[in-house]
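Undergrad: Listed here are the chains, written in short residue letters.
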Amino acid sequence: MRGMLQATLAVALLLLIQQSAAYAQSSSTYNASGAYAESRFKVNNSYVTLFAARGCVANPCATNSGTFIYLFAVNDDTHMVTQGDGVIPDSAFQANNLQHMSLIVDTSQVPGFHTLTCGFVSGVWNCSNGPFGVMQADWQATDQASSTDKEDTDTTIGPFTAKTHTDRKSTSGLATGTFLGTAFSDNSSTTLGTNKAHSSSINRPQ
Amino acid sequence: MKRNALLTLWLVPALFIAAHAQTTNFKSNGAYAQSNFPNTNFFVGSGDVAAGTPQPFVDYATFIANPDGSYTYSFGYGNIPTSAFTGNNAQHMSLNVDTSQVPGFQTQTCTVSYVPSYTYTCTDGPFGVIQLDWQQNDYSSSRTKQDLTWTNGLVTHGSSSDSTYVSANASGTFLGTAVTDYASTMGTDKNRYITITKGN
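Chains as they are written, first to last, in this note's numbering: chain H, 16 to 221; chain E, 47 to 246.
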């Protein structure tokens, strides 16, 4: 009887460890000040949010030099969720002019760039690395609307969570480009402008 | 003296604009839905409760850049009948309103041109049917506290909100045009304050 109890406890402990391992998290935190651009668009039946900004990994983050991007994508057919983020070369994001910004980066060539795609199968999120590839975007201000925005947001997308603080000025924009080889455009949710203060903390399964 | 003259030159237009600006305030608690259709930002909220009855309202803005370099924008806002907005279900919300039948609904279309000189002309309308459905798509859920100010032409919106919301797909017709948006949000406002200031 005592042995059965011990075996049951052992199995329960093992399940608990597996569960903990399945939901072990890693995180990235970025601080940004200066130019940024953000779009939401649909490619290959995936809804994508793409954000590019001058900024750096929060610790250390002594200056506002550096550039990073992050993205989320949710596929409407497979319900797979993709999240990516990383520091990219400054030259990949041209943002000297607030009327026009551009991005061209091959994330497969960026050391340390995270991309994780997860599917919810049998009650568990199963994740694998990727996809990596070329992202090219061209943002043109339309001046349809100008805005100031102070915002604190907590968002959950699949197994990912993001905590964002934003204080920024922006104008509406038109975005065109390619995302992992597929063309996109967006003129309804694109903004480009200047972050006075921005921080993003993204948690992902390990 | 010169400084006073410059100050006067600056103040007179500012006072003129201030004197002619019209401000409308909305407060909302409860269900709301928001979409960014191409060239159109759209919001509908449950509004505040007056005399025991919710006072939902609609607030939208559109923008089109014209080939000749001018641009045309429109805006619309106002309280709508309580029955026009159904937001009791967290999975699905819907709106069906004919703004031409809503007393006091404000809508105007303005064309702004910079050549040969700055001019703008505005006309009332268009009024018509707005029929939209929002369906939760389970992609994301969020909580946001936001202070947002945005200007579109002569209209400035100020919004302060504390919202809990989910992602949604929106589809329907907006003043006769079919629209869809897969990055809409729908949720619950805890004291959203909107101030709309319209210059003449």
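There's no promise every hint is true.
What the hints assert, rightly or not - Straight-line C-alpha distance at most 27 Å; calculated DSS-like pairs for lysine-lysine:
1) H:57 x E:73
2) E:244 x H:184
3) H:178 x E:244
4) E:73 x E:191
5) E:236 x H:57
6) E:236 x H:184
7) H:178 x E:236
8) H:165 x E:244
9) H:211 x H:165
10) H:165 x E:191
11) E:244 x H:57
12) H:184 x H:165
To be verified - Cβ-to-Cβ under 7 Å is the rule here; a few derived chain H residues that face chain E:
13) 55
14) 60
15) 62
16) 159
17) 160
18) 166
19) 171
20) 180
21) 182
22) 200
Hints are computed from structural coordinates only; laboratory data are not their basis. None of the values given here were measured: they were computed from a predicted structure. Just so you know, even glycine gets a beta-carbon here, dropped at the ideal spot from N, CA and C.
Undergrad: Indicate, hint by hint, whether the structure satisfies it.
TA: For each hint, the structure was consulted:
no.: 1; hint: H:57 x E:73; in the structure: violated, 33 Å
no.: 2; hint: E:244 x H:184; in the structure: holds, 21 Å
no.: 3; hint: H:178 x E:244; in the structure: violated, 35 Å
no.: 4; hint: E:73 x E:191; in the structure: holds, 15 Å
no.: 5; hint: E:236 x H:57; in the structure: violated, 31 Å
no.: 6; hint: E:236 x H:184; in the structure: holds, 25 Å
no.: 7; hint: H:178 x E:236; in the structure: holds, 20 Å
no.: 8; hint: H:165 x E:244; in the structure: holds, 22 Å
no.: 9; hint: H:211 x H:165; in the structure: holds, 10 Å
no.: 10; hint: H:165 x E:191; in the structure: holds, 8 Å
no.: 11; hint: E:244 x H:57; in the structure: violated, 34 Å
no.: 12; hint: H:184 x H:165; in the structure: holds, 9 Å
no.: 13; hint: 55; in the structure: holds, 5 Å
no.: 14; hint: 60; in the structure: violated, 10 Å
no.: 15; hint: 62; in the structure: holds, 5 Å
no.: 16; hint: 159; in the structure: holds, 4 Å
no.: 17; hint: 160; in the structure: holds, 4 Å
no.: 18; hint: 166; in the structure: holds, 4 Å
no.: 19; hint: 171; in the structure: holds, 5 Å
no.: 20; hint: 180; in the structure: violated, 10 Å
no.: 21; hint: 182; in the structure: violated, 9 Å
no.: 22; hint: 200; in the structure: violated, 10 Å
Checked against the numbered hints above, the structure breaks hints 1, 3, 5, 11, 14, 20, 21 and 22 and satisfies the rest.
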